[in-house]
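Counting from 1, position 118 in the sequence shown corresponds to residue 1076 in the working numbering; the numbering is continuous, with no gaps.
Keep in mind that a hint or two might mislead.
[Said to hold, decoys possible] No more than 16 Å apart at the CA atoms, straight line, and that leaves these computed lysine to aspartate or glutamate pairs for EDC-like:
#1 Lys1410 to Asp986
#2 Lys1397 to Glu1057
#3 Lys1392 to Glu1145
[Claimed, not checked] Computed Cβ-Cβ distance ranges for the label pairs, DEER-style:
#4 Ser1006 to Lys1247: 58 to 66 Å
#5 Val1194 to Met1260: 35 to 43 Å
#6 Lys1247 to Val1180: 17 to 25 Å
Derived from the structure by calculation, the hints contain no laboratory data.
For every residue, glycine included, the Cβ atom is placed at its ideal position computed from N, Cα and C.
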Amino acid sequence: MTMNKEHTTAQNMQAVNTEYIKFERYPDYKDSGVEWLDKVPEHWEVASLGSLMELKSNKNKPDLQVLSVYREYGVILKDSRDDNHNATSLDTSNYKAVEPGDLVVNKMKAWQGSMGISPYRGIVSPAYITCKITSEKTTPSFLHQLLRCHSYIGEYNRISYGIRVGQWDMHYEDFKQVPVLIPPIEEQTRIATFLDHKTALIDKAIAQKERLIGLLQERRQVLIHRAVTRGLDPDVPMKDSGVEWIGEVPGHWGVRPLRYLGKCQNGVSKGAEYFGSGFPFVSYSDVYKNIALPEQIDGLAMSSDSDRELYSVEEGDVFFTRTSEVVEETGLASTCLRTIKDATFAGFLIRFRPKKGFLFKGFSKYYFRSRTHREFFTKEMNLVIRASLSQELLKRMPVLLPPIREQKQIAEFLDSKCNEIYAATSRTKEQILKLKELKTTLIDAAVTGKVKV
């Protein structure tokens, strides 16, 4: 099924790409008079954006639905997405009213392409630029694509100002001077219709690729869960583990609470002046993002000799995130596969150091990051204010113990399978990137007249 999905989306990408290559150019071109637009079709007009619209700032419409502007989508209903973390004011009487067909611009993120023609009636943040399109020379659908294309985003970047990139501001006086390409109306309609169709095909291919990545990650989790709780022999005799959420395990495996397998230690807690220089320092992020600690870590801390002894980072150690606002980010584990000389670790981590002979580091890497023990933490963790993993709770966690030789076999098996999945995932991500680049190129070429559609 995975290969079929990869083949289907590859065909979609190839089909769109082939059609793009076949496009003709217009018979005659002229100098646009604008360096970054270069030559444009001879029969197209060029006018300033300000000549097509007027600034508007209608307010006192608090009962209208709140809209937002995304660089990926343009103007959308704010409540339609759960990844918009900008809080809506309790008093929206100062918000600007927007009608369908109005242009809405997030002037702080125009350099990212955060603007669009609104398909909705609603209100937007008073920080946005809102304009009514007054000219009949342009259609909303064409103007929407034109103003959001790659070439134009480069111009918004040039006319936006600020000290920090995330806070660059574009002034309306500069924005209204931006040159706009104006093909004949019927041609605008044809271009917009073409782009709606082609970008829908590309978006569909991207969505298929993203679902494939999800399936690959789910397969990885299933493989790990099965291997670390059932082993590799499907015919091995099973026994009740004595732990409800684990169920049956191979009859020759042991099950022991973590407290009997090694020692736990919270990380170092110091003031800000302690960090930024000195010796290697394992951060919360190093553990949160990685199933195994990176051999080269970026963090530094001015640790003392006693710190480096008490909070050392040695081969076989397993580090757990111990606090977060959500349970999903707490109890995530990362195993140290090779001692990091002179390193210490953060106070928001717990180090578990196994006794010799109980756990092979390669098995620990998969076992403690698997969903097996996540169910235990989810049920038992303190969620009063923040999700918090205590040493006492960690020590109560049941640990499955195959013989060391079998642990090594399981680790080798999972390394091989997970590497295959990682390679397939990387391939798919590269294909998604190419599809997004194709979409950007296609839109830009069509709306600036580089190709005839």
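Against the structure, the hints:
no., hint, in the structure
1, Lys1410 to Asp986, "11 Å, holds"
2, Lys1397 to Glu1057, "28 Å, violated"
3, Lys1392 to Glu1145, "28 Å, violated"
4, Ser1006 to Lys1247: 58 to 66 Å, "47 Å, violated"
5, Val1194 to Met1260: 35 to 43 Å, "51 Å, violated"
6, Lys1247 to Val1180: 17 to 25 Å, "22 Å, holds"
Checked against the numbered hints above, the structure violates hints 2, 3, 4, 5; every other hint is satisfied.
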